[in-house]
Amino acid sequence: GEDVEQSLFLSVREGDSSVINCTYTDSSSTYLYWYKQEPGAGLQLLTYIFSNMDMKQDQRLTVLLNKKDKHLSLRIADTQTGDSAIYFCAESSIYNTDKLIFGTGTRLQVFP
Amino acid sequence: DAGVIQSPRHEVTEMGQEVTLRCKPISGHDYLFWYRQTMMRGLELLIYFNNNVPIDDSGMPEDRFSAKMPNASFSTLKIQPSEPRDSAVYFCASTRVGGDTIYFGEGSWLTVV
Numbered sequence: 044g045e046d047v048e049q050s051l052f053l054s055v056r057e058g059d060s061s062v063i064n065c066t067y068t069d070s071s072s073t074y075l076y077w078y079k080q081e082p083g084a085g086l087q088l089l090t091y092i093f094s095n096m097d098m099k100q101d102q103r104l105t106v107l108l109n110k111k112d113k114h115l116s117l118r119i120a121d122t123q124t125g126d127s128a129i130y131f132c133a134e135s136s137i138y139n140t141d142k143l144i145f146g147t148g149t150r151l152q153v154f155p
Numbered sequence: 058d059a060g061v062i063q064s065p066r067h068e069v070t071e072m073g074q075e076v077t078l079r080c081k082p083i084s085g086h087d088y089l090f091w092y093r094q095t096m097m098r099g100l101e102l103l104i105y106f107n108n109n110v111p112i113d114d115s116g117m118p119e120d121r122f123s124a125k126m127p128n129a130s131f132s133t134l135k136i137q138p139s140e141p142r143d144s145a146v147y148f149c150a151s152t153r154v155g156g157d158t159i160y161f162g163e164g165s166w167l168t169v170v
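Sequence order for the protein chains is B and P. Sequence positions in the first sequence follow my numbering and run 44 to 155. Sequence positions in the second sequence follow my numbering and run 58 to 170.
Think of the hints as simulated: they come from the structure by calculation, not from any bench. For each residue, glycine too, the CB sits at the ideal point set by N, CA and C. Do not rely on the hints blindly, as some may be mistaken.
[Stated by the list, open to error] Covered stretches of chain B, going by a simulated chain P footprint (3 or more residues, C-beta under 8 Å):
{"hint": "1", "region": "89-103"}
{"hint": "2", "region": "142-155"}
[Said to hold, decoys possible] Computed spacing ranges between beta-carbons, pair by pair:
{"hint": "3", "chain 1": "P", "residue 1": "Asp120", "chain 2": "B", "residue 2": "Arg118", "range": "26 to 36 Å"}
{"hint": "4", "chain 1": "B", "residue 1": "Thr68", "chain 2": "P", "residue 2": "Gly85", "range": "28 to 38 Å"}
{"hint": "5", "chain 1": "B", "residue 1": "Glu57", "chain 2": "P", "residue 2": "Pro111", "range": "42 to 52 Å"}
Just chain B, same shape as in the assembly (with noise of 0.2 Å):
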């Protein structure tokens, strides 16, 4: 089935750019995306990227696709406090483009 991998946690010094990393196994991933957790709340849509798109900039947020090697990535420039929280990666299928499948999720923390 299809499965989605990041790493549990990162940690950044304020001001530095942080690179959230996440693989994925199913080829027929149309959507992916980044949500952003905060601490007591639900999960907030950043971003999300086109399968046949390499790459997209929003803002402080890039995210880039390797398409060929399933990975995606989420880098913030200029890395604030506020942007502590839990990053999770998600896909959808073509076969189902209603249905997500979440990755663990990336706990971010920011120092001063």
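With chain B fixed as given, assemble chain P onto it according to the hints.
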């Protein structure tokens, strides 16, 4: 729009008791999802509905769990009897056909003691 609304936000209950979690999706959304989040397993899809009909319940852990969607604006997830290992955050989410994302509620934080 008010977003996806879940209740209760927090519940502490004793083992063996029945737990009912409620969800109101965003008006006009055709799909409703129930997810469970734990430290050990991350975010798991339990069940989802399309136009009030359950489409895939393969993620429901066992018969103690049941979900219903009697109309387009309401869904429940019931656990009977509850066990300590059911302690988790339960998220409801909704989307519409062709939508670019799903929208999550703020979760129901369940503790079974």
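Violated hints - listed by number, lowest first: Violated hints: 1 and 3; rest satisfied.
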